[in-house]
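Enquirer: Listed below are the residues making up each chain.
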Amino acid sequence: MTQSGSPISASDVAKVARLARLDIDDAQVAHFTEQLAKVMGHFSDIDALDLDGVGPMTQPYPLINIMREDVELPCLDTDEVLAAAPASDERRFRVPPIIGLDD
Amino acid sequence: MSAIPSTASEIAAAVTAKRITARAVIDDYLSRIDARESEIHAFNLVMAQDARAQADAIDADIAAGRPVGPLAGVPIAIKDNMCTHGVETTCSSKILEGWKPPYDATVITRLRTAGAVIIGKTNMDEFAMGSSTENSAFGSTRNPCDISRVPGGSSGGSAAAVAAGFSPVSLGSDTGGSIRQPAALCGVVGVKPTYGVVSRYGLVAYASSLDQIGPFATTVADAALLTEVIGGHDPMDSTSIPLASPSLLPSVSQGVAGMRIGRVTDLPAGAEPEVAARLDQAFAALEAAGATIVDITLPSLSYALTAYYLIAPAEASSNLARFDGVRFGLRVNAADTNSMYGATRAAGFGDEVKRRIMLGTYALSAGYYDAYYGKALKVRRLIAQDFERAYEQVDAILTPTSPVVAFKFGDKVDDPMSMYLCDIYTIPTNLAGHPAMSVPFGTGAHGLPVGIQVLAPALGEQAMFRVGGALEVAAGGAQ
Numbered sequence: 001m002t003q004s005g006s007p008i009s010a011s012d013v014a015k016v017a018r019l020a021r022l023d024i025d026d027a028q029v030a031h032f033t034e035q036l037a038k039v040m041g042h043f044s045d046i047d048a049l050d051l052d053g054v055g056p057m058t059q060p061y062p063l064i065n066i067m068r069e070d071v072e073l074p075c076l077d078t079d080e081v082l083a084a085a086p087a088s089d090e091r092r093f094r095v096p097p098i099i100g101l102d103d
Numbered sequence: 104m105s106a107i108p109s110t111a112s113e114i115a116a117a118v119t120a121k122r123i124t125a126r127a128v129i130d131d132y133l134s135r136i137d138a139r140e141s142e143i144h145a146f147n148l149v150m151a152q153d154a155r156a157q158a159d160a161i162d163a164d165i166a167a168g169r170p171v172g173p174l175a176g177v178p179i180a181i182k183d184n185m186c187t188h189g190v191e192t193t194c195s196s197k198i199l200e201g202w203k204p205p206y207d208a209t210v211i212t213r214l215r216t217a218g219a220v221i222i223g224k225t226n227m228d229e230f231a232m233g234s235s236t237e238n239s240a241f242g243s244t245r246n247p248c249d250i251s252r253v254p255g256g257s258s259g260g261s262a263a264a265v266a267a268g269f270s271p272v273s274l275g276s277d278t279g280g281s282i283r284q285p286a287a288l289c290g291v292v293g294v295k296p297t298y299g300v301v302s303r304y305g306l307v308a309y310a311s312s313l314d315q316i317g318p319f320a321t322t323v324a325d326a327a328l329l330t331e332v333i334g335g336h337d338p339m340d341s342t343s344i345p346l347a348s349p350s351l352l353p354s355v356s357q358g359v360a361g362m363r364i365g366r367v368t369d370l371p372a373g374a375e376p377e378v379a380a381r382l383d384q385a386f387a388a389l390e391a392a393g394a395t396i397v398d399i400t401l402p403s404l405s406y407a408l409t410a411y412y413l414i415a416p417a418e419a420s421s422n423l424a425r426f427d428g429v430r431f432g433l434r435v436n437a438a439d440t441n442s443m444y445g446a447t448r449a450a451g452f453g454d455e456v457k458r459r460i461m462l463g464t465y466a467l468s469a470g471y472y473d474a475y476y477g478k479a480l481k482v483r484r485l486i487a488q489d490f491e492r493a494y495e496q497v498d499a500i501l502t503p504t505s506p507v508v509a510f511k512f513g514d515k516v517d518d519p520m521s522m523y524l525c526d527i528y529t530i531p532t533n534l535a536g537h538p539a540m541s542v543p544f545g546t547g548a549h550g551l552p553v554g555i556q557v558l559a560p561a562l563g564e565q566a567m568f569r570v571g572g573a574l575e576v577a578a579g580g581a582q
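So the protein lines, in turn, are chains S and W.
For what it's worth, the numbering used here labels the leading residue of the first sequence as 1, then goes sequentially.
For what it's worth, the numbering used here labels the leading residue of the second sequence as 104, then goes sequentially.
To be clear, the hints were calculated from the coordinates, so they are not data collected in a lab.
Any given hint might turn out to be false.
Once the Cα atoms are required to be at most 27 Å apart in a straight line, the calculated BS3-like pairs of lysine-lysine come out as [unchecked claim]:
1. S:K15 to S:K38
2. S:K38 to W:K481
3. S:K38 to W:K511
4. S:K15 to W:K197
5. W:K197 to W:K511
Quick partial rundown of chain W residues pointing at chain S, CB under 8 Å, derived from the structure [as the list claims (entries may be wrong)]:
6. P205
7. P402
8. Y406
9. F431
10. D439
11. K478
Residues of chain W placed beyond 12 Å of chain S at every Cβ, according to the derived structure [stated by the list, open to error]:
12. R122
13. E142
14. I165
15. P173
16. P349
17. A360
18. A392
19. T400
20. D427
21. E455
22. R484
23. E495
24. F512
25. S521
A virtual CB, placed ideally from N, CA and C, is assigned to each residue, including glycine.
Please work from the sequences and hints to get the whole structure.
Expert: Structure, rendered in structure tokens:
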């Protein structure tokens, strides 16, 4: 929670949008901040619960160490997979430069 | 040639016995789609040519005396978040528009092996995020019961396809109620099996610890048949429960004599009075059929909405990171990869998907993880423990499926919290991982369908289908 009492601020929203690789402009930041604050305001209902000693539940049906035999099996067709990509080159996915041209 | 039957089991029996051809069945359903699809918009893609070829292949097998499966010649519509090899799979999102998966989901393979004919891919809320199908990038689906109203969501296209008679059965996915709520709003049967009973291989992930595939049908028996066909262990899904598919059809007609049915005395308020009245009627009907009604409490249920809207977006923010313009779908070109990611995702995702990605990213971010996500996982445990205690006293629980009947377009789409409240009775089951189904049970306000939800403990599908079957019989008297 932020100190102001509002569960999420415009700067929080701008930051998570950046972390989530979503380009949003200032008007959208304001719009999403208002909506997300309303949703997160509802979340304070669990603040009053005593959760000491309660273990987190990540899966409904815990299964561990799901392995298969280490044998070769058919895999996806490389040409078919690459055909569905926005760009490919020499049997690889092609992307823009990792380091920006301006950097 | 006799008339085309309306249920999957009757179609399969008639096709197998050569009373009708699979081709005649598919042609009949395609003509129904032609007549009314422009009004309903249940489908993102109708696979007319491909469906006719599939039907011809079934007819050839039957003519040659080769064995066919339990769904021989049965048309089925598939929610557009399940991979179909070489056939466009969009999740109703611009970011996946035009993408043709290089493989079939396990459920698709099982349907094909059973002789089913895939008739098309159905509209949905983008990436299964929504309760009205208004979040589709390709336009809303209309409720066949009243086209000024939503069909529910996120599997609204699959529910509407069955309600409109475009397909006798369909598949949806249910993360917080996305099969059961549209089933209730469209007046059809919808089932969410136990988490891990149906393989998620080839289901585009929204929230992996909650997602489960299940059927829509016009009868409880067809829903049981479909669950039998698609269920059972799959080594391609590491969360698949290592058990064979359960036998469910016999349970449908078994009756509820001697069963203990739970009535939740502290159920979160909010149901419309007509919906609450139908629930009372359902309890009375089950009691008359020989069940005992037992009052139970589920004190943590009121916190389920908060736990869900932290856990599901957190998982979604991670799952949807794969849509980055590199391997599939949309790319918006930019000077470097980082700019390309941001521009592609901004252009490709709709507002609700962006909201949930941001909510999830926030809940998982440094400094907030313990306060939000960590706490939500503990609340999830409390809810599961509540159910465990309840199922020591009862075999199944009844609640409304949705607090409201089908609402008008635009009523809730700009108010996320009021939309989220549509799922208040369906979400707890997903958190616990239990099976649940919605059975049509009379009408509510404006003469619109009401669904009653049957909940059962993990792997309690047989008990659930017993109650579902009894409700279906009783619903005849509730119309």
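Enquirer: Each hint needs a verdict: does it hold in this structure or not?
Expert: Results of checking the hints against the structure:
no.	hint	in the structure
1	S:K15 to S:K38	18 Å, holds
2	S:K38 to W:K481	23 Å, holds
3	S:K38 to W:K511	22 Å, holds
4	S:K15 to W:K197	24 Å, holds
5	W:K197 to W:K511	25 Å, holds
6	P205	4 Å, holds
7	P402	10 Å, violated
8	Y406	5 Å, holds
9	F431	5 Å, holds
10	D439	4 Å, holds
11	K478	6 Å, holds
12	R122	39 Å, holds
13	E142	32 Å, holds
14	I165	30 Å, holds
15	P173	27 Å, holds
16	P349	14 Å, holds
17	A360	30 Å, holds
18	A392	30 Å, holds
19	T400	16 Å, holds
20	D427	7 Å, violated
21	E455	10 Å, violated
22	R484	4 Å, violated
23	E495	18 Å, holds
24	F512	19 Å, holds
25	S521	10 Å, violated
Violated hints, in rising order: 7, 20, 21, 22, 25; the structure is consistent with all others.
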